[in-house]
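Chains as they are written, first to last, in full-length UniProt numbering: chain A, 1 to 431; chain B, 1 to 431; chain C, 1 to 431; chain D, 1 to 431.
Source of the hints: derived by calculation from the structure; they are not laboratory data.
What you are looking at is a predicted structure, and each value in this text was computed from that prediction instead of being measured.
Derived pair list, reagent style EDC-like, types lysine to aspartate or glutamate, alpha-carbon separation capped at 20 Å:
1) Lys-176/A <-> Asp-190/D
2) Lys-79/D <-> Glu-98/C
3) Lys-287/C <-> Glu-246/C
4) Lys-90/D <-> Asp-76/C
5) Lys-176/A <-> Asp-191/D
6) Lys-62/B <-> Glu-123/B
7) Lys-79/D <-> Glu-104/C
8) Lys-176/D <-> Asp-190/A
9) Lys-79/C <-> Glu-104/C
10) Lys-176/A <-> Glu-175/D
11) Lys-176/A <-> Asp-188/A
12) Lys-176/D <-> Asp-191/D
13) Lys-79/D <-> Glu-85/C
14) Lys-62/D <-> Glu-122/D
15) Lys-176/C <-> Asp-166/B
16) Lys-90/A <-> Asp-74/B
Single-letter residue listing:
Number of protein chains: 4
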Amino acid sequence: MAFFADIMGTLFERRPGKAAAPSRAPMAALCDGLLSAQGEVSGMRLARDILQRYRTMSADEKRGFFEHLAEALDVDSAKVIAAAERYAAKRDAASYGELSREAEPPRQELLRRLNQAPGGTEELVQMRLDLLQMEPSPALQRIDLDFAHLFGSWFNRGFLVLRHIDWRTPANILEKIIQYEAVHAIDDWDDLQRRLRPSDRRCFAFFHPAMPEEPLIFVEVALCHGIPGSVQRLLAEGREPVPDAEIDTAVFYSISNCQEGLRGISFGNSLIKQVVDELRRDLPQVKTFVTLSPVPGLSRHLKAIAKDRPEAAALLAAAATGDPEALGPHLAALRSLTAEFLLTAKRPDGMPADPVARFHLGNGALLHDVHALADTSANGLRQSCSAMVNYLYDLAKVERNNENFVTGKTVAAAKSVQALLPQGASTGRKP
Amino acid sequence: MAFFADIMGTLFERRPGKAAAPSRAPMAALCDGLLSAQGEVSGMRLARDILQRYRTMSADEKRGFFEHLAEALDVDSAKVIAAAERYAAKRDAASYGELSREAEPPRQELLRRLNQAPGGTEELVQMRLDLLQMEPSPALQRIDLDFAHLFGSWFNRGFLVLRHIDWRTPANILEKIIQYEAVHAIDDWDDLQRRLRPSDRRCFAFFHPAMPEEPLIFVEVALCHGIPGSVQRLLAEGREPVPDAEIDTAVFYSISNCQEGLRGISFGNSLIKQVVDELRRDLPQVKTFVTLSPVPGLSRHLKAIAKDRPEAAALLAAAATGDPEALGPHLAALRSLTAEFLLTAKRPDGMPADPVARFHLGNGALLHDVHALADTSANGLRQSCSAMVNYLYDLAKVERNNENFVTGKTVAAAKSVQALLPQGASTGRKP
Amino acid sequence: MAFFADIMGTLFERRPGKAAAPSRAPMAALCDGLLSAQGEVSGMRLARDILQRYRTMSADEKRGFFEHLAEALDVDSAKVIAAAERYAAKRDAASYGELSREAEPPRQELLRRLNQAPGGTEELVQMRLDLLQMEPSPALQRIDLDFAHLFGSWFNRGFLVLRHIDWRTPANILEKIIQYEAVHAIDDWDDLQRRLRPSDRRCFAFFHPAMPEEPLIFVEVALCHGIPGSVQRLLAEGREPVPDAEIDTAVFYSISNCQEGLRGISFGNSLIKQVVDELRRDLPQVKTFVTLSPVPGLSRHLKAIAKDRPEAAALLAAAATGDPEALGPHLAALRSLTAEFLLTAKRPDGMPADPVARFHLGNGALLHDVHALADTSANGLRQSCSAMVNYLYDLAKVERNNENFVTGKTVAAAKSVQALLPQGASTGRKP
Amino acid sequence: MAFFADIMGTLFERRPGKAAAPSRAPMAALCDGLLSAQGEVSGMRLARDILQRYRTMSADEKRGFFEHLAEALDVDSAKVIAAAERYAAKRDAASYGELSREAEPPRQELLRRLNQAPGGTEELVQMRLDLLQMEPSPALQRIDLDFAHLFGSWFNRGFLVLRHIDWRTPANILEKIIQYEAVHAIDDWDDLQRRLRPSDRRCFAFFHPAMPEEPLIFVEVALCHGIPGSVQRLLAEGREPVPDAEIDTAVFYSISNCQEGLRGISFGNSLIKQVVDELRRDLPQVKTFVTLSPVPGLSRHLKAIAKDRPEAAALLAAAATGDPEALGPHLAALRSLTAEFLLTAKRPDGMPADPVARFHLGNGALLHDVHALADTSANGLRQSCSAMVNYLYDLAKVERNNENFVTGKTVAAAKSVQALLPQGASTGRKP
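Please work from the sequences and hints to get the whole structure.
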């Protein structure tokens, strides 16, 4: 029992500076201790010790820790089979409970107990990020499934909180908005101010109560008169805000996931839905909800087809000059090739090749328009030869679009976009 | 696809008064729809519909719904066995993922998706309360295990928030404190005020962020000079608050669980631990942390032994008069029998028979003193012939006590309490 | 300098329990010390000492303190005259400054400095309440003008904060709503809940930031379908809330000033105005804003005219039975006499005799209807033989009504109310 | 009455975008209207109109507006004299009230009524700033006294709120901290972060509830081990925070007034006092409270004496090189001359010539040490040849120091500082 006495240390201590020295027992013993701890009192202390130890580990030690989770704290297939057989025979609560216990690896309970430590949730998200960044192995991939399962339950939509982000938001949150913006980089605090402060700009983020200073995902919105076709004009320095009375359109021009450690836990369509709700309430004059979205896979696609399609090769060459002017002769081709890419290029499973398209079409949006010279930044030229597109959230059609997309893999697109297609291109629609 | 189109209704609607009429599809179909919904958009609407439908069900219909969960959405033992065999052979992530999926019944995912509806968490807790109040059956007991598993993960200590409860707390919360007090009933708002407002009283509660207006558990604390031996004196109307300078003891005189639907999810020892932390920070002069606790199983125990123990029979007879004065000649016997009960009466597993004793001893507290005439209310006379006890949270000994209790089932008790035992009574200690 | 050293005590001390013992210097010396204190450091300590001393004074000592303010800290007329003459001659800033200083009695600066103590504002309001409750004298009446002047500046409309009061409001605020309700007494917490919790009820209060736990004035609002004519029906136990879709009228049925110590500082019409703004924003379907108001001066008026007006005598006799049924034969007379009272009974200055009428007509409202059997409580029968009236806030006419009332003393009234007048009664309107 | 009808416009309108068009009546007529408005309803609308009009005025028009206040809304000396004579004779409340009314110019009431408009307080502070920036005249100086009087009452210490400023503070507040820092300029958000985020830094500000987004004054604090002698080392990029356990000293290294429009309303010593209170509570290990203060008048003083004092001339020449190294041979002279300046250079009224010295000595601090090369920034070299000093807030002596300073104009200084004086320099102390 010396081990137990050791690791419990001075109970009831938590304030900084006063905490008992953490245990020096081996990590595996600490984990066993935490799993067998009866009282939450000792559990919380052990959880903190383990997380503290983890933080100071080398990459190799962390890998060792993960492998320990994967092997020593795995399910025992033989016991699962025995329990499943008993349950099949008896169908009572006791045998069902036994099956549930046997089929869940002890590492899941370990992770739940680690979460009891102050700040535990954030540390577990960081722990998974470490895991994702390691060279994959079957063992590591298996425990990643446990992280994903647990996070999916904990970061359930019902537990998330939507918050306005504006120039009154605490600086430590805003700092993270700068850091996490993944679509159109925010250069500095002045740039951030241009996106948050004008009367025609909005920003919304989801937070989890256990990580109140860490946004999970955020979307930036521009209120416009009409649907815009250039992100540079949208974000121009020195532009005048659109007067309230002229606003009729809300443009989602950037949506960024913040927590790489929550990969696979999807927040995006909940966020867009709830933001549409908020905007409709506050700004009844807004009738159109639309994105201004990148086409990140376009240039890659064009390269793949360039040898058969001289207009794609010419376009890529023009974009490679880095000079938007050079694109002048290729604008019609650019719009046509973009429409073709989004309407016809597919993954093996029949879904669109472009991830942004999959996201918005999967939400029930419709491909509304295609713009050349819409993102003339270096990145825009490189990834999509300056093309951007609008996905339209038409509330009356969102449900039908979603159904058609999920069941028939049909890409909803405006007639004008379909008309951009070269003669004979197949949209995947049945005749 | 008509079903899908039907149940999705008007998307993006959520405000009261504007919501689309809920679907009239059968409940089982709604559940299948929710489990197969791809987008969170349609999922949230289905979740709301199902919860709304559930609320209006009769008891029989609810039982039918639970049985549907238990049978139609159960694990398939054969598939579990097959998956476990594959995993035993391959040990890769794909087979592990398959085993995890097969071993978790679809109803757990259904409950997680129901939680996405606004207010879903609270409704699920209520749903389990309905379940617990039904005549048990193996089917119902099985799904109760799923609720318990899910709630254990969601109401993880790391997600709970401690809040001071005082006379500045919103009335809708205070109303629930009145309603949920389970140990010493709060008569009305004046009585509540006497427990919250004086400078020598404190109250703390745990909340979950998804149920911000529902306390989960709360503890009432009296700050005292010395350790009290009567709850009536502690709560007397018109008493004077103890001056700050004289306070040296914090007495936990009532701890109440609020959510019957969270039965089995334990918050108590976390709460006591964190409250001790808070009090030590704010009131460094407090050196003693002690309870004034009921002995709910005492009278029942005395009845069981009365035929062999005339002093127990006499005591019960005196208490049955309802007149505390009648207990006068029996006070020594009462204290002795109480000590004997707490130190020697055991459940079959060797743990103390009294549930309050199990709770505090399991937290590492020590049985410090036994008081006669400590609760002279009708309830106090009935359940324990007026006896109450103090459990002491001695921070230097809590860890050793906890270890001894868990491993050796030893009841930690002050020498003075042990001395109350009749000669020859066995405390379960080894000689 | 010993005095100064004494009264400054241990500087920088403020926490409870650690404060230096307050000075035992005479109150007049403390006041002189505070007025001559250079630093705010010593000033704040002196202010606290004076307020603490004041609290423990007997009524006679308080009167002595007020007389000291009135005489020793008065303006010096001779100096004012001299300064005014110099200013008339020189018209420069120095002479203007001197005149300002001489014309303001030092007690005003003393009150401002007392306000620096923690909680000072609330204590000064209480101090004036003490003053108002004393037997008046010219000295006391003079300093009351100083309190009124200062409070008028401090409790400026621009510094007040409007807050919703509902069942989520902290209990210590709600307790004061119960206590301060002056029109229709709130019996207990259950009664309060009936006024705050239903979906068709609202309550709003003004607060001052320096007294955040003390409402200054509040108004209770019932949302109705149509204009009600009975306060008992409005407040009936067990009534069903009006469904949102049927609401078209907001009824201000009670408005209560809370701080007697702020007598003469008017908040009422600001409050009504801002509440109308709030309600129009949140409930656009509400088109009618109306009061259900008492007629507190009616019975007194009827007694005065009873010997010449047999119908008034009969009405009073019926009301005196305390049985609303007894009023049956007198309802027409009651409505007619109420209209007559409100339209024709005047103060010497030509304003309506009834204070509630002066308040609402002065805000630009119109006397819209007269109801018999509208308040059948004991108080209602006593003060107005059960009559109540509606004042209508018709936004399109409020400005003209206000102007006519202020300049021509004209009582705006609906035609139907005018028609209630006996033939030949003069409404004060020009022919 | 057409004027009145016109200016009242559509009552009850306040929301942006819906407000009635503001009145086009002349400003003087608007002011008369506001002063004669009976109801607050019309008053608030008029107040808003006047402020709106004011904002769009040219500088000349603003001057005209101020002159209107100064002349047309001035006190009438003859009436003051008559009222004062009546009051001297009658000593009753009526005559006292009349005197009070006559002696206060109507413009003060006008300013109070302007304050009722939303945002009025902030606009009035801005209005006074305009006034202070104009070419002075007796008329303008007179009304500045009215502003100062009113602001002194409104910004009473008892109405101010202390707030921690840190990296969690809203960005719109932090932006103002950058803008208002007057002592050691904050370069950008990174620099700000270095002052707010480390564990050994604190910042506190006073706010007024009617201007919640405008700090009034703020102080920056460095927690140190020992008393520092160089602001560059204190603020160095890349420095390590002092560990909690080593902290024993709190250094107020910058205190900045934010609102030029509140000139003459002093918040500084209240702020320091309250911050000392806060720090003592949170960090009991801090025993020393000290400033690191500039000596802004030093170089000017040295220039004045340079022709008689060759060491001053040499020092100035070295500082003028802009190279701190050049000061090497002059460090002893610099310390000696700084001590001499602070201890012996006086204003005509006998108070120290240096404003920072007056501030801290007036608060009861003691001149504790003098440092050369303490501020080697361009500004530091220019204004004080790099010298800075520590003023010590020794709680046991603050009261005596304050008394001696106020009454005897004695500069409290450590022996070691006095020893820096050249032989024969007079400190103003009596022998």
